[in-house]
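Each chain, letter by letter, is given below.
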Amino acid sequence: MNSAEIRKVVQEELNNIAPEADLANVNPAADLREAIDIDSMDFLNFIIAIHHRLGIDIPEIDYPKLVTLDGAIAYIDAKLGSSRTQS
Amino acid sequence: MVEFRMPSLGADMEAGTLVEWLVKPGDWVKRGDVVAVVETQKGAIEIETFQAGQIEKILVDLKSKVPVGTPLAHIRTELEEKPSVAPAPPTLAPPVAPVVAPPARAPVAAPTLPPVARGAVARAAASPAARRLAEEHGVDLSTITGSGPAGAITYADVERRLGEAPAAAPPERKRALWLDLAAMRMAIAAAMARSKREIPHYYLEHQVDVTHCEHWLAKKNATLPPDNRLLIGALALKAVASAARRFPAFNGFYRDNKFEPAQAVHVGVAIAIRGGGLAAPALHDADQLSLDELMSRLRDLVQRTRAGRIRSSEISDPTITVSSLGDRGVEALYGIIYPPQVAIVGFGKVVARPWIVDGAIGPRSVATITLSGDHRATDGHAGALFLAEIGKLLQEPEKL
Chain U
1 MNSAEIRKVV QEELNNIAPE ADLANVNPAA DLREAIDIDS MDFLNFIIAI
51 HHRLGIDIPE IDYPKLVTLD GAIAYIDAKL GSSRTQS
Chain S
88 MVEFRMPSLG ADMEAGTLVE WLVKPGDWVK RGDVVAVVET QKGAIEIETF
138 QAGQIEKILV DLKSKVPVGT PLAHIRTELE EKPSVAPAPP TLAPPVAPVV
188 APPARAPVAA PTLPPVARGA VARAAASPAA RRLAEEHGVD LSTITGSGPA
238 GAITYADVER RLGEAPAAAP PERKRALWLD LAAMRMAIAA AMARSKREIP
288 HYYLEHQVDV THCEHWLAKK NATLPPDNRL LIGALALKAV ASAARRFPAF
338 NGFYRDNKFE PAQAVHVGVA IAIRGGGLAA PALHDADQLS LDELMSRLRD
388 LVQRTRAGRI RSSEISDPTI TVSSLGDRGV EALYGIIYPP QVAIVGFGKV
438 VARPWIVDGA IGPRSVATIT LSGDHRATDG HAGALFLAEI GKLLQEPEKL
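Chains as they are written, first to last, in the numbering used here: chain U, 1 to 87; chain S, 88 to 487.
Everything labelled a hint here was simulated from the structure, so no lab data went into it. All residues carry an ideal CB built from backbone N, CA and C; glycine is no exception. Be careful, since some hints might not be right.
[Said to hold, decoys possible] Partial pick of chain S residues on the chain U-facing surface, computed with a CB cut under 8 angstroms: (1) Ala243; (2) Gly320; (3) Arg361; (4) Ser383; (5) Asp387.
[What the hints assert, rightly or not] Okay, derived cross-link-like pairs now, BS3-like style, lysine-lysine, Cα gap no bigger than 30 angstroms in a straight line: (6) U:Lys79 - S:Lys306; (7) S:Lys307 - S:Lys479; (8) U:Lys79 - S:Lys479.
[To be verified] Per the computed footprint, the stretches of chain S lying under chain U, defined by three or more beta-carbons under 8 angstroms from a beta-carbon of chain U, are: (9) 297-310; (10) 404-417.
Isolated chain S (complex conformation):
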């Protein structure tokens, strides 16, 4: 039996309020399954289990605010369960030494979490946010056709169904109720103030010709249905992830006066939230994903984040962050590093510029890419090589 505990989702988190259980005693869970939703300063976070097994007992009631590390539930692990083919008397000591409870902090450098398909029981594939919205409004998910990756039902699909009701809900009701923008603003303020206080930033910028990316994308997307089309942002994320793999000094955490490189590349994606919010949850193992896979995960991540449903591992383990102000924003942005990370890469909008290619001037699409680096971990020289690598990778989008 192991204890499933209230995780720490950041150095500033002391307690969390349990707002939803997604499992009940007797349910089986897999590693990576979302088992509960916890309200924190960063908003409602979906808490995943790092232990597979059967939920034995729920220890904390809904709406309880408990300190980080408090046991929330008991999970009987598979190791204990498997040997007892015949139902063993409950008093029998487990035949195998029980697995040690995981540390309260979600393991940051945990070996890559395999993508776990949610919902082992027969039920429609749906994002947790969609499921919750459907439950709140009594909508039967099996009656909805999903438009998400692999036909999964998305939050928007459920909203659409709700929108089909004659009287449209007032705007306030449509916004995810669990997104507390004021609390989010405080969390941003705390993290950014700490960053500016503690991290000696240096800034570099690099202009990159992304004409090839645009041509390649246009050609690829022309043959694809909208659901499978790629955005240039997906290429940018993949390029940063691949470059971070080759330049490990920019991928990891600065803690206890030293830099610890991370084993995995979990790219934090800065996502703007309507009404004035910002979150940068992780796109896990971005360097290992194909562009198609990365794009579909990105769409899911953006949708869930904007619906106020981020998972615990996504909030706690980005190893580097990418920020992009989009196609109608500004030409360059200089990011503030999200501690304890040591780098943030910024993408400005793509603009048409006169450019010299092979000795002749011609119109090209150009993006300004910036790096904010932590001078305690790296110097501008290494930063320049890292930034140049991102630019080079974007010259060959077909290889990303």
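One chain only, chain U, in its complex shape:
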């Protein structure tokens, strides 16, 4: 899965939470919680969705790395990459 595909997955899952958000025009470095108005429950649901869809473990301590669009994509990319090298 390349980073464009990861971006698509991230955007889809965020749109499931915030259907009206125009993620193509969200500053990729902005804090998503403010940029698209999601709360801690929304964020947890986003983490759960990514966990189930991509099968990666996202410990709570890593949450701060996923609060921007770019951060989330880079984090997932790295996680998927490390599991690829391991297998």
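Got chain U sorted already, so can you dock chain S onto it with the hints?
Using the frame of chain U, we list chain S on its own:
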């Protein structure tokens, strides 16, 4: 035979429009099952039955607007059914005195409703909202893997399946169509104006060190998959529920010029709805739930509320409300009591503050907790004790 009636979901409700039947004649229902969906000013509400039995006859057609108290269906109760092991002729009088029809208002102080697993028939566990969305789009639920509590299929799961279709639906279509934010705004306006007119509020605030809560949560969540992780909001709700159990003067209703304490603690959870809506449905028996259970019910409640699917009992029976503006909101909020309740507890965001612990200054995580109380029911003195109790309970999250 009992009559299943249009319930009253608030003092201001005069009529409701029947928009969906989830049962048909011949279906068996259990106490707590959702049998119909009614459109009210508060949005679409899932109406539960308080009588178990077999649906005998549907009396009201879809899209009919009928006054509160109108019989909607006949339910043949189990009491009538059981003795007739051999199929009895329908004309035979029931061998047992028929159970009296329940009052139109959903019983507020009803003994605790046991959590009823929905769907006795073999079908995938799914939230009603998910089921409806799936039906609307012709999605087979058995082909979806649920991500909700105990693998239940959630609204988001169905949405995801729909989202897998190449052309994504435009945003307007994704929003729950039955959420009428304008009507909801009117309902909020009516309730809040009535509150400010009738309830002499007093306000208290208390700063609480929640560092222990954060450490305890971080340690616990580190070992758990995301589905089972707790939010600090779950601890807050449990602490309020436990404190309300010990301070019954804050848990109940002010009606007919007197306070009636409630037997159960049903905590109303203020839930913001995207686009500018607010609802505060009940998390039933919150004081009796383990934190894990409470969290999973909370997730389900938030998801259903945001999808526009609240159940009748959840809308009519909160006994106290909790409002939290979340982790990036403000430090304190002063809630307006939702009548006929007598208290609302507010949680501000957790902030790092210099704090004195054992005579030394150190950084601690601090939350401001507020109480808006009804002065007709309680005084500030009792309110202070209640608020302090919530703070104390949060010092020992492992005991919540």
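Here's how the hints hold up against the structure:
1. Ala243: 5 angstroms, holds
2. Gly320: Check passed: Cβ of Gly320 (chain S) comes within 7 angstroms of chain U, closer than 8 angstroms.
3. Arg361: For Arg361 (chain S), the interface hint holds, since the closest Cβ of chain U sits about 7 angstroms away, which is under 8 angstroms.
4. Ser383: The hint is violated - Ser383 (chain S) has no Cβ within 8 angstroms of chain U, the shortest such distance being about 12 angstroms.
5. Asp387: With a closest approach of 11 angstroms, the Asp387 (chain S) hint is violated.
6. U:Lys79 - S:Lys306: 22 angstroms, holds
7. S:Lys307 - S:Lys479: 20 angstroms, holds
8. U:Lys79 - S:Lys479: 40 angstroms, violated
9. 297-310: Since 3 is at least three, the answer is holds.
10. 404-417: Coverage by chain U holds here, the residue count being 3 at a Cβ distance below 8 angstroms.
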